[in-house]
Amino acid sequence: MTQAFRIENEGLINRDKKLSFKFNGKTYLGYEGDTLASALLANGVHLVGRSFKYHRPRGFFGAGVDEPYAVVQLYRNGETEPNIKATEQELFEGLEAKSVNCWPSVNFDIGAINNFLKIFLPAGFYYKTFMWPKSFWYRIYEPFIRKAAGLGVASTKHDNERYEHKYEHCDLLIAGSGPSGLAGAYAAAKNGAKVILAEDKPRFGGSLLTSDVNIGNQSGKDWAEGIIAELKTMPNVVVKNRSQIFGYYDHNMLVMSEKVSDHLPSTKKYHPNKRLWYIRAKEVLISSGSIERPIVFGNNDTPGVMLSSAAKEYLKVYGVLVGRKPLVFTNNDSGYETAIEFKKHGVDPVVLDTRKNPESEIIDEAKNLGINIKNSYVVVAAQGYKKVKSADIASISEDKKQLGKIENIQCDCICVSGFWTPTIHLASQSGNKTKFKEGIDAFVPGQSKQNEITLGAANGVFSLDETLKTSFKAGSELSKKITENDNEIAIPNVVEKKSSQYDKFWCVPLPKGKNYKRFLDFQNDVAVSDVEIALREGYRSIEHVKRYTTLGMATDQGKTSNLNGLQLVSEIENKVVPAVGHTTFRPPYTPVSIGAIVGREVGKHSKPTRKSPMHSWHEKNNAVFVDAGIWLRPRYYKRGNENLFEGSKREAKNVRTNVGVCDVTTLGKIDIKGPDAAELLNRVYTNAWLKLPVGKARYGVMLREDGIVMDDGTTTRISENHYHMTTTTAQAANVLSHLEYYLQLVWPELNVNVVSTTEQWAGAAIAGPKSRDLLKKLFPNSDVSNEGLPFMGYIEGDLFGVKARIYRISFSGELAYEVNVESDYGNFMWEKIMEVGEEFNIQPYGTEALSTLRIEMGHVAGSELDGRTIPFDNALEGLVSKKKDFIGKRSLQRSAFIAEDRQRIVGVVPLDKQTSIPEGSHLVKDDKAPLPNPKLGHISASCWSVEYDNPFSLAILKDGKNMIGQKLFAMSPLKNKVIPVEIVSSHYVDPKGERVRS
Amino acid sequence: MLYINCPHCGMRSQNEFSYGGDASVKRPELNKEVSDQEWDNFVYNRKSLRGKHLELWQHISGCRQWIKVERDTVTHEIFRTFKADEEVA
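So the sequences go chain by chain: Y and W.
Mapping of the first sequence onto the numbering used here: position 301 corresponds to residue 295, and the numbering continues sequentially without gaps.
Mapping of the second sequence onto the numbering used here: position 22 corresponds to residue 50, and the numbering continues sequentially without gaps.
For reference, chain Y alone in the conformation it holds in the complex (with noise of 0.2 Å):
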């Protein structure tokens, strides 16, 4: 297909490189340094989608971030993207993309029966309407409508992109490269300060890239392309193309999107999608721009209604002509900027001006070409489905009341200019309190909150030769805060039109007769009707308007529906548009990629992975693997066909019977140093701890202020004033704070050192009745017999060569030691230990036979100290000094914490000695009474007891003391559950503890 609408000598686009692409289905051509939109409307295609609520056609209303209607779903390299706006995806070779909001297509939409039925739709309607039956909303109402609606469909496969993350600080960061960005950063960078220059479009420029200016006995497009020449060969500078600052944070933190890679057909090798950039800046300069603003009249959303700017940029960007008929709409001299361009290349314009007799310098430039100007004159109603057709256009009276006889004038665009809006974004955002700027009738910003400035248009200044000026001091005495250089810049001579002043019309009235919908926000489909019906419901406040009538509450964030919106409540409650106020802007400022925002954190990159130094033999021997918290800790080694139970079970099993070895190499641990270290740990912990003699270990339980348990361990006294302290794998990063905390806020005077050493220890636990015969043999030269090395005892050894700690300690209830080496060693250890237990038929074994043989003791861990039990509960209240002072005691005299009743851990066991109980099973006593049923206690933890071989579990229960030998129920409606239960003391196995001392 020919580019019909491609005129030749105009345009930035490269007319030596055609590229094909596909819309909905049909193949068209384009050229380089397009984008989606501008090569579709080089074709001649208008229609590109459905509105949000009556599927009304839509075609292209903008040239950029602010377009409203050209949203699009985006396929490249096999992946798929919703919500692209066509004015913003560049063309490549093969893109592919399709309308979005339309079922079956965008021709022949079912959903456009809305529009026919829109006096049913009116604000609210949703709200009002799909509440009844409520039992409809899933089955009906919810599915029918995502499936006619929605901004395109996002993509179910794993994303291959990459996505980076960088941190950047520079003196001065501009957002916006038009003339005020270039000359603030020409000016900063001259004295030497380090400038990052964002520009969201693929050009810099900004307007100086379609204004007819010159600067400097340059154009101004000339000038720009020269200041961004010289500003890529200084060193202090950082120049970025497509790149959108979205938002504006605390602490002059500001977040910029880089599309690295969406213009082009494949991400390159090593390159990311996109890159996202958090840049903290000494100076922000917001030189953002403005966006042009609609005239409101009926049907203005027909396609080939457009900003008149979008159409001009259309035609000195791209080349290309929105149409051969235009009308131009306007109530300031922008309009005649379009028309005159149109002229240029040979088209005829008409241009429609609402203000009386208008006179400038633009103006007198358009009539001497021959215009066809029509003041006081508007349109009424564009007419044209699914393109405009015609006008209907008629004068309006002085007051801008009355329109006078309706005349129906041939075109096939109309090209609306409203004046300007400032983009203050990202100044709102950074705490600025923006304020009304009458003349110009829109806010701009006020006074600052952070280190920021606005200039230029986004300033509401429209004068180049103001905006130069005043941008050049800025970024002069910026960076010479910084830098403290003072370079002079030459500020260049400023040839441009002078402007009359603009007429304050924003909204043409109904004709007799007639109820055109006139949109205010195009993308929500919320006319000037749907506003004014949610004033008569009684919404007052701006933002309650915003949300019932889904005003500015699109992906454009009305960002060509704002201020109109705000003119028309202004005007119904006879308020000044400063008095109703604009609703809170707020990041990000266009959509961003969520994987932009996830970054590399995606997959096994969200959070790092912690591995013993016995990884590898783990895995070489059918470790089947689980998260304890960020480490990966063998559950159990599977063999054959083995499952979980049965594994664990053998593994339990052989603990109790032979020998096992567990890596503990995850459990934390603290080197505590200093004189006062014995003073610390008695302060710290709720037992006695200042005559644990060199080489003893003891076990320790640790309270919050709230008396809550902490976290418990064994702290072992390696010398005089040194200790080994060891955590639960959770706590350990908690507790090191703790510790800190109470060494540098509370007590500094305790002279006492304390240093995680978690990760230079590898820790390797044997267990079982054969553990001794294990050690002498692993330790030939140590005296490792019971009264060597008692229970709770400590000593070092040396491990064929490799210096060892040994303690005997247990967890498991057996008779069990506690290997630890350097973390180098660890693997050398380990199949020491494998190699030399073979005789004692040893086995490794994983968390689940470590829980079930804790479980079966009644030795508590992190499912019974949950943040909700005290020592009491947890049969703990032997460790609890009645002498001394710690951290929390002062709470256990609470009355809850003595109350008789107290809950406590006891055991259970279901009475048919079958049935599991599931975990966090409710007990209770009657299993047949009435919801709610009163919960006595719960199960914190189960197992298969391989002592006895039936069930057993641990419970946190009410009054758990008096409860031993009471028949209750365990019920679980999550597993749909009712299991009998009797209570039994929780130290199910060896009660006496005679197995760790023998």
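Any given hint could be a false lead.
[Claimed, not checked] Below, a list of computed lysine-lysine pairs in the BS3-like style, where the Cα atoms sit at most 25 Å apart: (1) 883(Y) - 60(W); (2) 54(W) - 878(Y); (3) 54(W) - 877(Y); (4) 54(W) - 876(Y); (5) 506(Y) - 350(Y); (6) 877(Y) - 60(W); (7) 60(W) - 876(Y); (8) 667(Y) - 111(W); (9) 54(W) - 883(Y).
[Unchecked claim] Label pairs and their computed distance ranges (CB to CB): (10) 64(W) - 966(Y): 35 to 45 Å; (11) 616(Y) - 69(W): 52 to 62 Å; (12) 953(Y) - 46(W): 34 to 44 Å; (13) 616(Y) - 33(W): 48 to 58 Å.
Hints are computed from structural coordinates only; laboratory data are not their basis.
Think of the CB as a built atom: it goes at the ideal place given N, C-alpha and C, for glycine as much as any other residue.
Start from chain Y and add chain W according to the hints.
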């Protein structure tokens, strides 16, 4: 993201720190009789201040020191930071 001046390391981003609550709370001395009210005030009762607030932060991914930060809870402005043992005038 806040930008916090660690008195030991210099300006660092908030993600290197963890928040530690009101810095004006004083723990009652050990082995001292404490009334229920006093203890409750220490453990539980906090003022949710609007405006200038002295709070604790720990530079967990840096020097691991606990520091005091004077911050406005409304504007997030940070006025001053102090070492753990520095008196706040």
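Tested hints:
1. 883(Y) - 60(W): 11 Å, holds
2. 54(W) - 878(Y): 20 Å, holds
3. 54(W) - 877(Y): 23 Å, holds
4. 54(W) - 876(Y): 24 Å, holds
5. 506(Y) - 350(Y): 23 Å, holds
6. 877(Y) - 60(W): Between residue 877(Y) and residue 60(W) the Cα gap is close to 13 Å, so the pair holds against 25 Å.
7. 60(W) - 876(Y): 14 Å, holds
8. 667(Y) - 111(W): 23 Å, holds
9. 54(W) - 883(Y): 16 Å, holds
10. 64(W) - 966(Y): 35 to 45 Å: 39 Å, holds
11. 616(Y) - 69(W): 52 to 62 Å: Holds, since residue 616(Y) and residue 69(W) (Cβ atoms, about 56 Å apart) stay within the stated range.
12. 953(Y) - 46(W): 34 to 44 Å: Roughly 39 Å apart at Cβ, these two residues keep to the hinted range, so it holds.
13. 616(Y) - 33(W): 48 to 58 Å: 52 Å, holds
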